[in-house]
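Line order of the protein sequences matches chains U and G.
The number in the working numbering is simply the position in the first sequence, starting from 1, with 717 added.
The number in the working numbering is simply the position in the second sequence, starting from 1, with 1 added.
It should be emphasised that the hints constitute simulated quantities derived from the structure, not laboratory data.
Just so it is clear, CB atoms sit at the ideal spot from N, CA and C, and this is done for glycine as well.
Treat the hints with care, since some could be wrong.
[What the hints assert, rightly or not] Short, incomplete list of chain G residues facing chain U, as computed with Cβ under 7 Å:
id: 1; residue: Ser6
id: 2; residue: Glu75
id: 3; residue: Ile175
id: 4; residue: Ala236
id: 5; residue: Asn238
id: 6; residue: Asn319
id: 7; residue: Lys321
id: 8; residue: Gly323
id: 9; residue: Pro326
id: 10; residue: Tyr342
[As the list claims (entries may be wrong)] Derived pair list, reagent style EDC-like, types lysine to aspartate or glutamate, alpha-carbon separation capped at 20 Å:
id: 11; chain 1: U; residue 1: Lys851; chain 2: G; residue 2: Asp24
id: 12; chain 1: G; residue 1: Lys242; chain 2: U; residue 2: Glu1154
id: 13; chain 1: G; residue 1: Lys10; chain 2: U; residue 2: Glu1181
id: 14; chain 1: U; residue 1: Lys842; chain 2: U; residue 2: Glu828
id: 15; chain 1: G; residue 1: Lys321; chain 2: U; residue 2: Glu1154
id: 16; chain 1: U; residue 1: Lys1173; chain 2: G; residue 2: Glu328
id: 17; chain 1: G; residue 1: Lys321; chain 2: U; residue 2: Glu1158
id: 18; chain 1: G; residue 1: Lys216; chain 2: U; residue 2: Glu1165
id: 19; chain 1: G; residue 1: Lys10; chain 2: U; residue 2: Glu1158
id: 20; chain 1: U; residue 1: Lys854; chain 2: G; residue 2: Glu228
id: 21; chain 1: U; residue 1: Lys723; chain 2: U; residue 2: Asp764
id: 22; chain 1: U; residue 1: Lys854; chain 2: G; residue 2: Glu219
id: 23; chain 1: U; residue 1: Lys1173; chain 2: G; residue 2: Glu219
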Amino acid sequence: MSDTLKIKEGDYVILKKGKNLVLAQALCKRKVNLERKYFVLDPLIGDNYGTSWEITKRSIKKVEEDQKSDDGDTAESTEVGDNRNIVDDNTAQKLSHDEILALKKDGMKGEKLIEQIVENSATFKEKNVYTQEKYIKKKKAKHLPIFTILKPTTRLLCSMYHAKTSPKIVLLRYDTVAQILALGNVHANMKALVVESCTGLLLGAIMDRMGGLGTLVQLFNGDAPTRTALDGFNFSEEHMKVLHSFPLNQANSLRIKTGKTSSEIGQTVEPLPAVTEEEKSCDEEARPCKKQKIDSGSENDNQQGAKTLSTSETEGQSEVSIEQTCTNKDRIADSNSDVAMATDTKESIQVSNNMDVDVPIEGDDGQLKRKWIVYPERQARREKKRKELDAARCIIEEGNFDVLIIASRFEPCPMVMKLLEFLSPSRPFVVYCQCIEPLYECFSKLRESREVVNMKITETWLREYQVLPARTHPMNTMSGSGGYLLTGIKVAKT
Amino acid sequence: MSFISYSEKIREKDTVILYLGLDDTLTFKVKAGNTHQTKYGAVRHSDLIGKRYGTKVTCVGGKGWVHVLHPTPELWTITLPHRTQIIYSIDISMITLQLDLKPGSVVCESGTGSGSLSHALIRTIAPNGHLYSFDYHNQRVEKARQEFDDHGIGHLVTVECRDVCKDGFGLDHIADAVFLDLPCPYDVIEAAKRTLKAPGGRMCSFSPCIEQVQKTCEKMSGCGFVEITTIECIARNYDVKTVQLPAPDMGPVETETRTQPGINSNDISSETPEKETNKRKLDSESDSVTETSDSACKTKKVDSEQEVKGHKSLSGFNSKCGILPKETTGHTGFLTVASLYTF
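If we strip away everything but chain U, and leave its shape as in the complex, we get:
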């Protein structure tokens, strides 16, 4: 394990200064920002995680073990000074801000600088020894630019995102993440179905606990899933293979199937040229209807779209060849992108740029028709996208999921009621919501369905403590809320 504790170039790392956590990518010559100080991380590449670094002009210097000052929480006192004569009027410190900066510029730093500040404080000696310690600690935090470099873990990333951008992760607090993972029985070699609006943070946490083994399908909203938080986990390409995506806006078209396993279906999709030809023939059929871009939402398009949707549904139920269903679904999936349709092998216009070109050609009846020419790269991408979509659909429709996890900004009830069918009996589901009221409806509907047992809505109260000799007490601020969880176990329908 020791080699994994060395920082590699390209790794995402966490810079920790006091309680502040910052995620950065360790790239050569790339500047990072920590509390308005800019510097490169080059010196620490190849070094160990857990080391401390001092920010110098534009770079950083390692702080050796023996140079590290202690945390200073060792004061023990029998004599107690107090503040009866101390007046807080900003005159206590004789060194002005500019003077301190000048000292810093001259090269004074670390303990010496703090000593200077302390010496020039008129009221320091009068203070209680604990107050003195607190004072020094505060000055150190302000004037000593030292941070620790840490390997990102689920715990650190969740704390960081919650502290900084909690609305982006639907206010999901790290202890709630911990509970989702435990109550959902997240482990290696499981099959998980997830809907989340946490920019990938919850996905990462689940994938971390799956250790690269198993299957995870995410239903995402919109055209593509937002997964920026996944970067921080530093997952390898191999590890990322557990993750599949499927658009939420096609969720209602999913039907649980019995029979074909996803591996069998995968084989029928394999031969790429065959699929391409199929697609072309389907496209040519559709072409007369589609004269303009699909996302212009014209009447023809909508009708065609509706037709293909219903065809695909009936086809799906009779288990017709996947290629055909692929292309119809692709049309629907593509309706959001502006990649257009027809390819005509007769037309092989070579152009240098990647733009699809609208080419007027003379049709059979002498009329000028417009054609879209799609370029090979883009076509290859679409093929890949379609294959992935189909694979995901097959995986979902197979059912047998071991857990259903929802932590979304959308109303949870419709999602739970629809997706529960893909969960095996005697498996847990976990629904997270920032507020409790939307979960009441879920709770009631699920109770009426008689398909679930052991249902609970829980909230956690979390508090941190300051533990110091003679100064132990809970912290003065605590998190207001970590959100609410609705959990239960699906059982066989009675």
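Here the structure of chain U is known, so what remains is to put chain G in place on it, guided by the hints.
Relative to chain U, chain G alone:
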């Protein structure tokens, strides 16, 4: 069946969980021919074999039914026979997160106790991690070993009867994380540190009393542990019920006017400004004036009728609410966590 992978059907020798009601569960090992008595009647083990986990089973005697569930560490925690005070899922989930555990992790824990936390740790570190668990009570060690084997996870755990406070762990630099649930964890910090791998790792100590926590933090700091944090988490359970609060009887609601229908202007001065604007609006819509006046008249009539009967015109509060129980689990223990980066 095993605690680290789901199976579909119940087989002989499986450990199953019978679900009777909320937090009302029991467990046994399936053996053809045996019968288990529940408050709803008897459950014959042979009836279960071959059935799918999650099926509803009607009890012999016809008093009701139960559901048979696949065991998980969380269900095990609320069902297992207590041999000691156990750690519950709320703390277990936090411990697992704080120790940065994942498949492949190596963990040391002391004491084993009833195995509540152990099952959860093993579930998380499977299939290629390992748990080294220590307890000084011989019988508990034996029982734990038996349970781990029954539950299909014996290969992922080594249980040893040992007093770690006196004799240490006997393991050098193999663990990613250490967990302590002992009366005197501060006596073991030095030894626990030795079990951690050379580049460092995470440590967690669970103590009910603040004095234990204070001593532990001091010792941890002295041994070179950093980022020492003490937290507490408590779960609140909500039940969902429709709450009906009848409307209070505060007497009749003041009606707008008691004059004849159609004559409005005289009373404008005595009405509230809000009603005034309403009335003006009504007046301006020539068509609707009479209608509304009529309806207003009707309401007046109704009001007076209601006055006579003494009924309220409001329906009270009727909505779904989250109800908290009268008493709930409060403090279980403080969790102190820390990191070690250098020896």
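- Distance restraint between Lys10 (chain G) and Glu1181 (chain U), which requires alpha-carbon spacing of 20 Å or less: violated, 44 Å
- Query: Against chain U, is Lys321 (chain G) within 7 Å by beta-carbon distance?
  - Reply: holds, 4 Å
- Is the interface hint for Ser6 (chain G) satisfied, with its Cβ closer than 7 Å to some Cβ of chain U? Nearest chain U Cβ about 6 Å off; hint holds.
- Query: Is Lys321 (chain G) within 20 Å of Glu1158 (chain U), Cα to Cα?
  - Reply: holds, 8 Å
- Lys851 (chain U) and Asp24 (chain G): Cα distance at most 20 Å? Not satisfied, since the Cα-Cα distance of roughly 47 Å exceeds 20 Å.
- Mind checking the alpha carbons of Lys216 (chain G) and Glu1165 (chain U) for me, to see if they're no more than 20 Å apart? violated, 52 Å
- Query: Regarding the pair Lys842 (chain U) and Glu828 (chain U), is the alpha-carbon distance no greater than 20 Å?
  - Reply: Distance of about 18 Å is within 20 Å: holds.
- Message: Holds or violated: the hint that Tyr342 (chain G) contacts chain U, with Cβ atoms closer than 7 Å.
- Response: Holds, about 3 Å.
- Task: Decide if the proposed pair is consistent with the structure: Lys854 (chain U) and Glu219 (chain G), CA atoms, cutoff 20 Å inclusive.
- Result: holds, 18 Å
- Message: Given Ile175 (chain G) as an interface hint, is its Cβ closer than 7 Å to any Cβ of chain U?
- Response: violated, 10 Å
- Query: Are Lys1173 (chain U) and Glu328 (chain G) close enough, with their CA atoms no more than 20 Å apart?
  - Reply: Answer holds: Lys1173 (chain U) to Glu328 (chain G) is near 16 Å, not above 20 Å.
- Task: With a cut-off of 7 Å on the beta carbons, see whether Glu75 (chain G) makes it to chain U.
- Result: holds, 6 Å
When each numbered hint is compared with the structure, violations occur for hints 3, 6, 9, 11, 13, 18, 19, 23.
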